[in-house]
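K.L.:
These are the residues of each chain, in order.
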Amino acid sequence: MTRKAILLGAAAGMALASAATAERGSDGNVNIIYWQAPSILNPFLTGGTKDTEAASLILEPLARYDASGNLTTWLVDEIPTVENGGVAEDLTSITWKITPGIVWSDGTPFTAKDVKFTADYCMDPDGGCAQLTKFENVSDVEVIDDLTVKVNFSVPTPFPYGPFVGVENPILQAAQFADCTGARASECTEENFGPIGTGPFVVTDFRPNDVIQFAANENYRDPNKPAFATVTFKGGGDATAAGRAVMETGEFDYAWNLQLAPDVIAKMQEGGKGTPVAGFGPLVERIMLNQTNPSAELDADTRSTAKAPHPFLTDPAVYNAMSLAIDRPLLVEIGYGQAGKVSCNWVPAPEIFASTSMTCDTQDIEGAKKMLEDAGYVDTDGDGVRETPEGLPMKILYQTSTNAVRQDFQALIKQWWSEIGIDAELRNINASVFFGGDPGSPDTFQKFYADVEMYANTFSGTDPQSYLGNMICDKAPRPETQWQGENISRWCSDEYEALYAELGKTSDINKRAEIGKKLNDMAVQGGAMIPLVHRGRISAHSNTLGGVELNVWDSELWNIADWHRKTGS
Amino acid sequence: MLTFTIRRLVLAVPTLLFISLVIFLLLELAPGDPMAQVPLTVPPEVKEKMREALGLGQPMHVRFWKWLVQFFWIEPQVLVDHYFGTTFSEGDLRVISWQTRSPVMDIVIQRLPQTLWVVGTAYVVGILIALPIGIYSAYRQYSWFDQAGTFISMVGFSVPPFFSGVLVIVIFSVNLGWFPSIYDTTLVVDDWESFRRQLLQMVMPVTVLALQITAQISRFMRASMLDNLNQDYVRTARAKGLGERTVVMVHVLRNSMIPVVTVIALGVPSIFGGAIITEQVFKVNGIGQLLIGAIQANDLPMVQTLTFIFAVLIVLFNLVADVLYGLLDPRIRYD
Amino acid sequence: MTDLTNPQPASAPRNQWLDVWDQFKSHRGALIGSVIFLLIIATVYVGPLIWRIDPQFLPQGRDFITLRDTRPIWVGLWDSSAKVNWAHPLGTDNLGRDTLARLMFGGQVSIAVGLTAMLLSLLLGTLVGVLAGFTRKLDGPLMRLTDLFLALPLLPLILVASLLFRESLSAAFGPEGGTFLLIVILIGITSWMPTARIVRGDVLALKEREFVLAARSIGTTNNKLILRHILPNVLSPIMVSATLGIATAIITESALSFLGFGFPPDFPTWGRLLNDGVDRLVSFPERSILPGVMISLTVLSVNYLGDGLRDALDPRIRGR
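Chains as they are written, first to last, in my numbering: chain A, 1 to 569; chain B, 1 to 335; chain C, 1 to 320.
These aren't lab readings, by the way, just hints derived from the structure by calculation.
Here a beta-carbon is modelled for each residue, glycine too, at the ideal position from N, C-alpha and C.
Any given hint might turn out to be false.
As the list claims (entries may be wrong) - Output of the computed footprint for chain B on chain A, the stretches with three or more beta carbons under 8 angstroms from beta carbons of chain B:
1) 44-51
2) 119-129
3) 193-207
4) 210-217
5) 242-248
6) 479-486
My request is simple: use the sequences and hints to build the entire structure.
P.N.:
What follows is the structure, given as structure tokens:
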């Protein structure tokens with residue numbers, strides 16, 4: 001308690017010191033540009049980052065992750081743990097205590113009933129809630145009193161911070177959404193476009209897929225915040241234009257997620273109006289190796305399924321050689337610059353889950369050649385492409401989504417592979433088809449009608465348990481599952497599965513990390529994928545905008561209440 | 001001509017119904033998934049539930065019927081309600097976008113102003129520049145004016161807006177700082193100052209678009225004029241002692257207008273359709289941007305509605321062109 | 001008197017096509033246009049035999065850093081600090097691939113796609129336009145078909161077509177041949193409608209003219225009437241459509257490839273090079289401007305060629 005008081009005092013002191021003018025609405029307007037435009041402001045009806053982050057100006061969760069990925073209190077006084085009694089000993093419930101005095105932007109008090117309502121809203125079977133996984137194993141939510149709410153789980157849950165934590169599942173106002181549950185969720189246009197929240201801003205005008213205008217919330221709990229009176233949140237265009245508007249013309253103050261080559265960003269920075277900032281979550285650009293045979297000669301029920309194993313990609317000599325031939329530091333330099341790091345891991349973050357057992361930062365073409373040579377892959381017909389011991393040429397199809405950096409990577413990696421005698425044919429597919437789950441399309445990443453494919457994946461929050469679960473044999477996409485499933489490479493290992501089951505029973509964080517690292521190593525060394533780059537997110541802010549702290553674990557706009565215009569500009 | 005017009009209008013109804021069915025089937029057949037933009041962290045079971053909530057579980061013909069009813073029966077009621085304060089449409093489900101879960105027509109109406117301002121102005125400007133250029137180029141064929149016109153219009157047409165748009169942004173927004181690079185759709189024009197800002201932000205997108213339109217129309221105008229300038233009737237008219245001005249501007253022009261009218265009529269529906277790339281480059285966020293966004297997100301009700309409105313305009317302006325042919329050349333008979 | 005009973009022409013009657021050629025030769029723009037067009041064709045098709053750098057080759061290891069991002073040699077004239085390399089006169093891209101080789105290779109694809117797609121679209125458009133304008137019975141259905149095609153959203157249409165035909169075309173003509181056919185057909189069937197409308201409009205007016213009536217009255221068959229009398233008179237709008245069509249086809253190809261329905265990503269075409277260069281427009285303007293200039297040059301030369309051809313084929317002009 002004393003420590004908290006000191007912290008509070010320090011924070012207040014800093015606030016006083018930083019700006020004497022720190023008064024609500026004193027800094028005018030701030031312009032934010034997201035090159036993907038928000039379509040809706042109800043995070044439960046959309047999975048899109050653009051939408052949840054825009055909504056985070058209004059709606060807030062009970063607790064969220066700070067810029068370094070630690071859980072931090074938001075609408076509650078403390079994070080419940082087993083030690084402080086907030087989490088039951090048997091890990092089947094968690095009790096949150098809401099900070100007294102918080103009100104909605106319409107002036108009504110924020111209570112435990114709103115929290116319970118939010119859970120019921122999302123768990124309604126007809127609602128099509130996008131955040132349903134956050135409520136996995138939640139049996140019910142109990143209102144203990146106005147400011148205490150208890151979440152009961154049907155099974156012991158070692159990581160109980162799914163519901164009401166993070167940008168994806170903030171609290172909705174029960175009074176506003178009472179008539180919008182279940183099948184009616186999508187009919188409530190007015191509510192979905194203008195939710196009432198506890199956050200620093202309220203919506204004044206929402207134009208779907210175009211622009212949102214916000215004004216400071218008069219009932220925000222900190223009377224001096226936010227510093228900005230209004231926010232203009234423009235969407236649309238492309239990352240290049242967004243970066244240009246912040247760093248070169250200075251028309252905008254903040255640009256989100258600039259997926260651009262580092263030399264392009266560096267050139268923009270010469271404009272002198274803004275600065276790029278990078279932050280690292282667990283996002284990894286990787287090449288998935290198809291464990292099954294994608295040959296077009298196979299019939300539809302066999303092609304790319306476990307019935308037909310891949311002719312050579314399952315051989316450790318092959319995938320290790322392919323990995324060894326890749327110059328990862330160069331990929332980072334070409335494609336991501338300060339927003340990328342070499343990665344040999346599938347789970348590169350948070351720190352305690354990141355395995356350190358593998359290194360992969362040196363390219364060794366000769367070593368790779370020797371590895372293939374020793375395993376019997378030799379070029380028998382002199383065409384520069386090796387043949388497998390069975391006489392099959394090592395020709396592979398390498399697909400990815402359309403994206404300038406990915407096409408550069410494809411060209412580079414194709415060249416390296418050709419040096420070691422593996423011939424890759426390249427394909428790029430429009431992202432909306434590639435990442436769409438249409439079982440009728442041959443071009444989705446789930447269907448994987450190619451030998452290798454490249455994309456990036458991540459997990460939300462800081463606990464990788466469900467992400468590690470992606471490599472379970474049963475999650476392989478196949479005709480029986482309508483080609484849905486997360487085990488894209490169709491990798492399968494009994495040993496892995498047993499260890500994964502153990503993770504679900506472990507609650508001690510250090511033991512969990514230990515198991516997590518082992519699982520990571522098994523999947524990578526077992527040839528499920530070739531990790532390439534640990535990708536960060538890069539955003540840019542104007543040089544006159546203060547208080548920006550890039551957060552990749554939660555909403556990038558998580559601390560917008562603290563943003564302010566720097567004095568002297 | 002009137003009977004012809006009425007007959008064509010009546011015939012347009014089955015045509016349009018058929019077009020809407022073809023569009024619907026095409027969209028159904030196209031690979032794509034409204035969940036494509038949902039992050040990979042959302043598991044497939046949840047995505048399946050979300051699809052069901054959008055009504056994707058229903059069979060195809062039911063969904064097509066629903067769209068027909070919503071578009072042709074409920075939406076007009078909403079319009080009536082809006083103007084007369086009645087409550088015919090209360091409780092009825094309108095055409096709802098999958099992306100935004102809001103009525104499609106509301107968004108279309110929200111987007112119309114910027115599209116009409118930018119694309120409409122560009123079209124008018126383009127035609128006004130193109131016609132004189134085309135006429136004079138033909139009249140003085142192979143003069144320096146004609147050569148320059150040919151050069152500029154061909155270069156202008158072969159340079160795509162994704163390049164020329166970025167080029168003018170780099171020159172006029174980044175280096176010179178004259179115009180904003182991002183169009184402000186929330187700007188309300190109510191005084192001279194806001195009108196000035198509206199003009200400033202329109203200059204670049206209008207220029208880029210008008211260049212393409214001018215290039216195209218002036219080429220057709222020139223070619224058609226050239227064809228007619230050598231005809232016998234021109235010689236007759238001159239021999240009759242008619243002034244050069246009358247010969248060119250009345251006789252030749254009128255006879256040369258048929259292909260130009262066709263091209264202009266073809267282009268009018270695209271004003272409504274917006275200019276996808278130009279809108280994207282300048283962040284105008286009009287109908288074109290709405291359509292491409294909806295296609296990428298596989299927002300079928302939105303795509304279906306927008307393309308259908310587009311189809312109505314196409315059929316309508318095709319008819320207008322046919323009527324104009326009859327006025328320009330009374331020998332053309334349809335009956 | 002024998003002269004009258006047995007007329008002996010002073011010389012053999014001149015072939016009509018010789019006249020056409022004479023007229024074409026005297027058209028300065030047409031000559032320059034055809035020379036430039038032939039030069040472009042020669043450069044992109046013969047050039048790679050002389051300039052033997054693989055457009056897809058990436059330098060390795062240390063070379064990669066030294067050879068990437070070099071500028072064209074003329075930049076060295078005013079900027080002595082610019083990274084230039086005489087081995088790559090037009091510079092290299094951000095992965096060290098030679099720009100000259102890529103422009104030549106890209107030109108082969110773009111010109112082939114542009115010309116074939118344009119021809120296909122003209123053929124379809126003219127056919128539909130003439131039939132609709134000339135035959136009253138067909139006018140309604142054909143114009144409704146045109147309306148339908150104009151109304152179809154392009155992207156879903158491409159998605160469906162590539163879903164249905166890509167694999168079978170690849171199987172029949174090899175991956176590159178299949179892609180080429182798919183692209184050409186896609187561009188062709190999505191761009192014939194304006195030509196059809198324009199041709200129809202002209203034909204509607206033409207068929208009521210006196211000379212058509214005259215031809216008909218001497219018993220000219222419909223086929224002959226169309227080929228001899230109608231078509232030559234709608235040639236000029238067709239020529240304009242042709243030149244504009246090439247530009248559109250080249251750009252559309254790049255859009256298709258960008259979306260992933262065209263050529264593989266490491267397969268350079270002018271449209272793709274232009275598109276890829278836009279992000280680095282300030283630092284490396286040549287990467288977009290060079291392919292842009294090539295597209296414009298091609299279109300301009302075809303335009304002048306068309307102008308000359310049209311004049312040469314017009315007997316009224318030829319006589320003078």
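K.L.:
Against this structure, judge whether each hint is valid.
P.N.:
Status of the hints after comparison with the structure:
By the rule of at least three residues with a Cβ nearer than 8 angstroms to a Cβ of chain B, the coverage given for the segment 44-51 of chain A holds, with 5 such residues. Restraint check on the segment 119-129 of chain A versus chain B: 5 residues with Cβ-Cβ distances below 8 angstroms, three needed, restraint holds. Counting residues of the segment 193-207 of chain A whose CB lies closer than 8 angstroms to any CB of chain B gives 3, which reaches the minimum of 3, so the coverage claim holds. Requiring three or more residues with a Cβ within less than 8 angstroms of a Cβ of chain B, the coverage given for the segment 210-217 of chain A holds, as 3 such residues are present.
Evaluation of the coverage hint for the segment 242-248 of chain A: fulfilled, as 3 residues show C-beta separations to chain B shorter than 8 angstroms, against a requirement of three. Counting residues of the segment 479-486 of chain A whose CB lies closer than 8 angstroms to any CB of chain B gives 4, so the stated coverage by that chain holds, three being the minimum.
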